[in-house]
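Undergrad: So you can see what is in the structure, the chains are spelled out below.
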Amino acid sequence: MPKPRVALFIPCYINHLFPGVAVATMTLLERFGYEVIYPEGQTCCGQPFANSGAHEEVIPLAQNFLRTFTGYDYIVAPSASCTGMVRHHYDPYVGDDPAYAPIQQTTYEILEFLHDVVQPEHFGVSFPHTLTLHQSCHGLRELELGVSSERVMPYYSKVESLLKRVDDLTLLPMERADECCGFGGTFSVNEPDISVRMGQNKLDNAEATEAEYLAGFDSSCLMHLDGIARREKRGIKTVHVAEILAGTVR
Amino acid sequence: MNHPAKSAAFLADPAHSRWHDHALWFIRQKRDSAAHQIDEWEHLRTLASQIKAHTMAHLADYLETFEHNAHQNGIHVHWATDAHEHNRIVHEILTKNRVKKVVKSKSMLTEECGLNPYLKEHGIEVIDTDLGERIVQLRHEPPSHIVLPAIHLKKEEVGELFEQEMGTELGNSDPQYLTHAARKHLREHFLSADAAITGVNFAVAEEGMFVVCTNEGNADLGTAITDLHIASMGIEKIIPSLEHLGVFTRLLARSATGQPVTTYTSHFRRPKPGGELHVVIVDNGRSNLLGDTDYAQALHCIRCGACMNTCPTYRRSGGHSYDYVIPGPIGSTLGASRDLKQHGDLTYNCTLCGSCTAICPAQIDLHHQLYAWRKTYVDQGYMPDHKRRLYRTGAWMLASPGRAQLFFGLTKWATRLLPRWILYGRLNVWGRGRELPQFAPQSFAEMYKEHKKE
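Chains A and B supply the protein sequences, listed in that same order.
Taking this note's numbering, the leading residue of the first sequence gets 1, the next gets one more, and so forth.
Taking this note's numbering, the leading residue of the second sequence gets 1, the next gets one more, and so forth.
Just so you know, the hints here were simulated from the structure itself, not pulled from any lab data.
Simulated coverage check for chain A against chain B, where a stretch passes if three residues somewhere in it have a Cβ under 8 Å from a Cβ of chain B:
(1) 30 to 44
(2) 144 to 158
(3) 189 to 197
(4) 224 to 234
Chain B stretches covered by chain A per the calculated footprint, using a threshold of three residues with CB under 8 Å from any CB of chain A:
(5) 25 to 38
(6) 311 to 318
(7) 398 to 410
(8) 425 to 433
(9) 440 to 454
Only a predicted model underlies this, so the values are computations on that prediction, with no experimental measurement involved.
A virtual CB, placed ideally from N, CA and C, is assigned to each residue, including glycine.
All chains, please: the whole structure from these sequences, using the hints.
TA: Right, dumping it as structure tokens:
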């Protein structure tokens, strides 16, 4: 039987700033027996423009996405926010293109893909560290990777469930774990003061757990938090959950 | 007009802004524990949303049913298309009854209509009787929250205000002491008032009656003491019948403050013997939202304030940073619908985290509305030109992988070669509180190409 073919959707800024997160994603998919292809010609999904109301700018980007990613069994991205864009917000731009429906149905965020499709019992890696988890908003409330604290329903967290399948890892609970970190795309520069304050508060809560790592599943949140942590010379390190699961950060 | 600047000013006092954030988060936590005691909470939210959607679809009928039944109960019903008409009607009723002083319980609608300044201009004294509202009234400022109007103030500030206004002891800011002083001060006004004005939380069409929810009993005291009661209600406050009321009263106080029910949930069905009861039904732009696929849900709001308490921006910028009568997520969407040119930029103070949508007891898709408004804002040409050009250029750069490579490549070399004082100059808004991200030696695309060659 041929291996299922997975197209890697690597958000533009991850490609240049956090290639380690992309490598981890590829490593995980190959380890679990997928043929992994990084389609050439991929670029920004258009989210920053859509979120700012500049929707004319989104159309060519969304069309490019369909061209680039048609013809694979799955499309997997290490970003909850960009996955959410393609799955939940493309309709006004490419909704009437017949290529959209199959793409909408097969686009996954990497942790969601591991949890729902791959379903490994164990990752065969060890992470002998303490960490606390930032529940990024779009992954939590849009992709429903877990139950957010506002909701009254039985608790689950796909990400926590995956982290339990790693040896020697200690997950420490954080206050306000699913309060927004303040990145918010262009919000980070439109409202820089609130954005930074939110990030500082997030880091304070993370540091209060005394964890070595602050883990997350959206590199954009981590970029913002790490930027504040480095500016303020805080000790806590940021890490993407995929890097832990892949064993590329130990 | 300038939320970012006002937030910066708010945050410039770290102790106060931290306290504001914590105070509202505490209320959010109280709401969480109250909601978690109700197994069917999410079902109640769905019901509330469905009842509202149904009512809005038949709004004209339910309003007329209400008018008819209220009339049968001896209530005078008035219709106002806008704020000015509302104010004029209220003024006429007061003049006819030779009213000199009115006691008013909390009503965001009268804030929206600017009733207090209007009546003052016409020589009628209005005393706000909700404690928080009285505090902001004495300070000549608008409420900063729809349920907790004076949440931007610490008790010490209230102590100083009362010392000037009520002659309380110098430096005494004990909340119980201050509350007693306010109670005494308000009692004198209650006893000398000629009429009472209240808002309306819910108007029940089938019964021709309405419900006013307060925690202080100030609406009840005002309406009990005076013989003239005028209630102002927005057209969206209507619900079909009493069986629907329980859904909302169960959601309202729990969402607002974490209480199981408001301390006073008073039902007004007919005027008291010898008294008069008037209801003024106000549109003031609301009907524009009816039937709008993107924004009609904003009319489902029951004014609990939960979206404010949970909003990470609101908690860190305060209600006055919004420059609109209602702050927070619901205020940003209502403000945009009122006047997109003036208030549309409020929709950009949101990270689209979605917490407001998840908490709203009426399931209003708040953050989707803000997202949708931004599109209309740009379409109608309200985004400043320099920003518009920036987005155009950015999209052009990123639309081709080659140009994106060039853009990131140039940025990478800039971060490496430029001296810090240029790199972190005035134009680098990101860098004001954050370090720039560190570029990797090789992009993933480059690594992948090499990996494939092997």
